[in-house]
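Peer 1: The chain contents come next:
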Amino acid sequence: MMKRYDLVVIGAGPAGLSAAIEAAKNGLHPVVFDENAKPGGQLFKQIHKFFGSKEHKAKIRGFRIGDELLEEAKQYGVEVVLNATVIGLYQEKEVTVRVKDEVLHVKGDSILVATGASENMVTFPGWTLPGVIGAGAAQTMMNLHHIKPGNKVLMLGTGNVGLVVSYQLLQAGCEVVALVDAAPRIGGYGVHAAKVARCGVPYYLSHTIVKAEGKECVEGVTIAEVGPDWKKVAGSEKHFDVDTICLAVGLSPMSQLLKQAGCEMEDTKGGYVPKCDVKGNTSIPGIFAAGDVSGIEEASSAMIEGRISGAVISNYLGYLEEDKMDARIKELEQALSSLRKGMFAPENRGKLVTKTEEDLDVSMNLLEKGYVAEDEIERYPGVTHLVGIHPVMECTQNIPCNPCQDACPKGCISIGDNITSLPVVKTDTACIGCGMCVASCSGQAIFLVNEESEPGFGTVTLPYEFYPLPKVGDLGIAMGRDGKEVCKAEVVDMKTSKAFDQTNLLTIKVPTKMTTKARFFTAIKKEA
Amino acid sequence: MDRIKHHPVLGEIKEGKVVAFTYNGQKLEGLEGEPIATALRVAGVMVHRYTNKKHEPRGVFCAIGRCTDCVMVVDGKPNIRTCITPLEEGMVVETQYGATTKEAQV
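Each protein sequence line maps, in turn, to chains A and B. Every letter in the first sequence is one number past the one before it in the numbering used here, and letter 116, counting from 1, is 116. Every letter in the second sequence is one number past the one before it in the numbering used here, and letter 8, counting from 1, is 536.
Simulated from the structure, these hints should not be mistaken for laboratory data. Be a bit skeptical, because a hint or two may be false.
Examples of chain A residues lying across from chain B (beta carbon under 8 Å, computed) [as the list claims (entries may be wrong)]:
#  : residue
1  : L129
2  : G131
3  : G136
4  : K148
5  : Q171
6  : A172
7  : A234
8  : G235
9  : S236
10 : H239
11 : M494
12 : S497
13 : A499
14 : Q502
As a list, the in silico EDC-like pairs of lysine to aspartate or glutamate whose alpha-carbon atoms are at most 20 Å apart [what the hints assert, rightly or not]:
#  : chain 1 : residue 1 : chain 2 : residue 2
15 : A       : K93       : A       : E79
16 : A       : K38       : B       : E562
17 : A       : K215      : B       : E584
18 : A       : K238      : A       : E225
19 : A       : K517      : A       : E451
20 : B       : K605      : A       : D493
21 : A       : K93       : A       : D109
22 : B       : K605      : A       : D101
23 : A       : K100      : B       : E616
24 : A       : K498      : B       : E540
25 : A       : K100      : B       : E562
26 : A       : K54       : A       : E225
27 : B       : K581      : A       : E216
28 : A       : K215      : B       : E562
29 : B       : K582      : A       : E216
30 : B       : K630      : A       : E216
31 : A       : K495      : B       : E540
32 : A       : K152      : B       : E616
33 : B       : K542      : A       : D67
34 : B       : K533      : A       : E175
35 : A       : K211      : B       : E584
36 : A       : K100      : B       : D603
37 : A       : K38       : B       : D603
38 : A       : K38       : B       : D530
39 : B       : K582      : A       : E213
40 : A       : K471      : B       : D530
Idealized CB from N, CA, C, for every residue including glycine.
Sequences are here, hints too, so could you generate the full structure?
Peer 2: Set out below in structure tokens:
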């Protein structure tokens with residue numbers, strides 16, 4: 001007998017779970033099929049803090065958002081069937097799903113496809129060698145299965161995935177020898193690039209992989225510069241000894257089921273996707289799409305899209321009145337549109353933005369080398385020189401993110417109503433040095449600086465997410481934004497707190513003139 | 529490759545139950561329930577299979593069960609995606625050549 005459901009959701013990731021929860025809240029009994037052994041899609045390997053504002057769960061780490069979603073799904077009685085691969089979707093809203101060696105046949109009064117995306121590849125000689133892996137694979141190995149993907153890694157791709165995974169590789173104790181991108185500029189958020197750069201990882205923009213070397217597995221890699229004609233520049237080859245090459249070259253929507261069902265499809269910048277209206281309706285009534293399968297974005301937007309689809313489906317099946325749906329959608333669309341603002345908004349994809357919304361010059365060094373140059377940093381409103389301890393906010397691009405302004409108990413930080421505005425440090429309120437802003441910044445771009453805490457010396461408090469934690473009294477090297485040594489430094493404070501959520505506050509003492517330069521710390525390794 | 533024992537965000541990693549399995553007849557250990565591929569990588573095994581025609585080595589690529597590059601012969605059954613198949617006590621894991629455990633005679 002064919003089992004029948006109000007709503008069949010395909011994919012238990014952020015979009016699918018959010019839609020099922022929203023629908024269940026309105027009285028539907030949805031079922032969610034997922035091919036994996038665990039729900040949550042890719043959320044559980046995201047160990048970094050998310051961007052956005054409170055309504056987007058900003059400054060919460062991805063895996064904690066995953067936990068919250070699962071808890072909510074449980075609370076509303078959403079049925080999640082795991083190890084269940086949907087292998088067919090038909091126009092009549094029928095679904096075939098393989099569970100173990102059995103194929104089940106179910107019918108949905110509505111269907112939501114939330115299958116997400118898969119990683120792209122790029123080919124070069126040697127690309128099939130063991131040791132060439134997807135950036136997502138590296139995340140899976142480190143953050144879910146707790147092994148190092150490799151000891152020495154080269155990352156190809158400087159979009160947010162490449163940048164975030166490079167940082168996570170460093171956190172896992174791997175060495176990242178270089179970040180490489182064929183594009184002339186870094187594709188992801190500058191703050192993500194900067195936190196990798198100050199650890200000393202070099203960027204090679206306008207470079208590509210010539211070949212992966214090794215017989216049985218990766219033993220090295222050669223990269224070379226590419227000219228404006230995308231051809232390799234002769235004599236520009238560089239070799240690195242690595243055991244792992246990570247590819248972070250974009251994602252493609254997994255929209256095969258929608259195509260199979262006969263939905264109208266289109267080629268967009270976000271990939272091959274179903275033609276959808278803003279509410280997630282495909283060309284077939286009753287079949288909906290949400291999340292990356294309808295165009296690549298972030299998990300934060302996928303969750304909102306899922307909620308919108310959940311409300312629309314509730315209305316479609318008569319569980320939610322039109323006006324209530326409209327009100328809910330309006331609220332959700334506002335949250336969604338604020339995430340799509342700023343320098344990295346979908347309409348700016350591939351464009352070079354040279355001015356901030358405040359009409360300041362964008363740091364070109366940040367785009368080309370991964371860090372803001374010393375002659376550029378002073379132009380931003382978060383960078384001030386006050387007497388005594390104060391935040392220095394090296395937030396230089398308009399991205400949708402504002403937890404810092406709520407984090408400060410004294411109201412020293414202002415972004416205003418426009419979520420993408422650069423943070424401004426107010427000079428009329430006194431910073432108490434609590435460090436809540438430092439820990440709240442998902443981009444790790446806030447530092448507490450006291451230019452002169454004692455004659456000739458000052459302190460810098462920086463976000464520190466590495467193991468082991470340095471101890472008070474430890475001596476080491478202060479590194480600049482470029483990851484190069486600026487001076488010797490001594491650890492004078494080390495704060496950890498549950499409220500900081502693993503972003504520890506490391507305070508180092510450096511000569512006064514270095515307080516504007518020192519942005520990372522490396523302990524001097526003691527002889528064993 | 530090494531296991532991560534202390535992680536700055538994830539904290540102390542609790543290790544699960546150690547189980548024994550064989551890899552091409554060699555006795556190895558891993559953690560119960562972790563992907564077979566994880567236990568192999570810790571043991572330094574990178575090559576999971578060789579392609580049929582050109583005899584080229586292949587290993588883990590996507591680690592989430594999509595690409596099928598990491599398939600091996602497990603308990604006599606070929607084409608097992610080792611990156612998503614949980615390790616069990618006494619499993620017999622073998623390098624896959626084409627679709628079998630036998631190396632082709634070139």
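Peer 1: If a hint holds in the structure, say so; if it does not, say that too.
Peer 2: We went through each hint and held it up to the structure:
Taking 8 Å as the C-beta contact cut-off toward chain B, the hint placing A:L129 at the interface holds, the least distance being around 7 Å. The interface hint given for A:G131 is met, as the beta carbon of that residue sits about 6 Å from the closest beta carbon of chain B, less than 8 Å. Nearest Cβ of chain B to the Cβ of A:G136: about 7 Å, under the 8 Å cut. The hint holds. Interface restraint check for A:K148: the shortest CB-CB distance to chain B comes to about 5 Å, inside 8 Å, so the restraint holds.
For A:Q171, the shortest C-beta to C-beta distance to chain B is roughly 5 Å, which falls under 8 Å, so the interface hint holds. Hint status for A:A172 relative to chain B: holds, with the closest Cβ pair at about 5 Å, below 8 Å. For A:A234, the interface hint is violated, the least distance from its beta-carbon to any beta-carbon of chain B being 29 Å, above 8 Å. Violation of the interface hint for A:G235 is found here, the shortest Cβ-Cβ separation to chain B being roughly 30 Å, above the 8 Å cut-off.
Annotation: A:S236 was flagged as interfacial toward chain B, and the flag is violated, the nearest CB pair being 28 Å apart, outside 8 Å. Checking A:H239 against chain B: minimum C-beta separation of about 20 Å lies over 8 Å; hint violated. Because the beta carbon of A:M494 sits about 13 Å from the nearest beta carbon in chain B, more than 8 Å, this interface hint is broken. Below 8 Å, beta-carbon pairs count as interface contacts, and A:S497 has none with chain B, the closest being about 15 Å; its hint is therefore violated.
With 8 Å as the threshold, the beta carbon of A:A499 stays out of range of chain B, its nearest partner Cβ sitting at about 15 Å, so the hint is violated. For the restraint placing A:Q502 at the interface with chain B, the shortest Cβ-Cβ distance is roughly 5 Å, inside the 8 Å limit, so the hint holds. Straight-line distance between C-alpha atoms of A:K93 and A:E79 comes to about 19 Å, which keeps the hinted pair within the 20 Å bound. For the suggested pair A:K38 and B:E562, the alpha carbons sit about 13 Å apart, so the restraint of at most 20 Å is met.
With a C-alpha separation of about 9 Å, the suggested pairing of A:K215 with B:E584 holds against the 20 Å cut-off. A threshold of 20 Å between alpha carbons decides the hint, and for A:K238 with A:E225 the separation of about 9 Å falls inside it, so the pair holds. Proposed proximity of A:K517 and A:E451 is supported: the alpha carbons are some 11 Å apart, at most 20 Å. Only pairs whose Cα atoms come within 20 Å are accepted, and B:K605 paired with A:D493 is rejected, the gap being roughly 57 Å.
Among the hinted pairs, A:K93 with A:D109 is consistent with the structure: their alpha-carbon atoms are about 7 Å apart, no more than 20 Å. The suggested pairing of B:K605 with A:D101 holds, with an alpha-carbon distance near 14 Å, which does not exceed 20 Å. The straight-line distance between the Cα atoms of A:K100 and B:E616 is roughly 17 Å, inside the 20 Å bound, and the hint therefore holds. For the proposed pair A:K498 and B:E540, the alpha carbon gap of about 16 Å is at most 20 Å, so the pair holds.
Among the hinted pairs, A:K100 with B:E562 is consistent with the structure: their alpha-carbon atoms are about 19 Å apart, no more than 20 Å. Straight-line distance between C-alpha atoms of A:K54 and A:E225 comes to about 42 Å, which puts the hinted pair past the 20 Å bound. Annotation: proposed proximity of B:K581 to A:E216 holds, straight-line Cα distance about 16 Å (limit 20 Å). Between A:K215 and B:E562, the direct Cα distance comes to roughly 28 Å. Violation of the 20 Å bound is thereby established for this hinted pair.
Note on B:K582 and A:E216: the hinted pairing holds, with a Cα-Cα distance of about 13 Å set against a maximum of 20 Å. Of the supplied pair hints, the one linking B:K630 and A:E216 holds, its CA atoms being roughly 18 Å apart against a limit of 20 Å. Distance check on the hinted pair: A:K495 and B:E540 sit about 19 Å apart at the alpha-carbon level, within 20 Å; holds. Between A:K152 and B:E616, the direct Cα distance comes to roughly 30 Å. Violation of the 20 Å bound is thereby established for this hinted pair.
Under the criterion of a C-alpha separation no larger than 20 Å, the hint pairing B:K542 with A:D67 is consistent with the structure, at around 19 Å. The straight-line distance between the Cα atoms of B:K533 and A:E175 is roughly 17 Å, inside the 20 Å bound, and the hint therefore holds. Taken as a hint, the A:K211 and B:E584 pair is honoured in the structure, with Cα atoms around 16 Å apart against an allowance of 20 Å. Among the hinted pairs, A:K100 with B:D603 is consistent with the structure: their alpha-carbon atoms are about 17 Å apart, no more than 20 Å.
Distance hint between A:K38 and B:D603 is unfulfilled; the C-alpha atoms sit about 24 Å from each other, more than 20 Å. Distance hint between A:K38 and B:D530 is unfulfilled; the C-alpha atoms sit about 24 Å from each other, more than 20 Å. At most 20 Å may separate the alpha-carbon atoms for a hinted pair to count; B:K582 and A:E213 meet this at roughly 17 Å. For the suggested pair A:K471 and B:D530, the alpha carbons sit about 25 Å apart, so the restraint of at most 20 Å is broken.
Checked against the numbered hints given earlier, this structure breaks hints 7, 8, 9, 10, 11, 12, 13, 20, 26, 28, 32, 37, 38 and 40; the rest are met.
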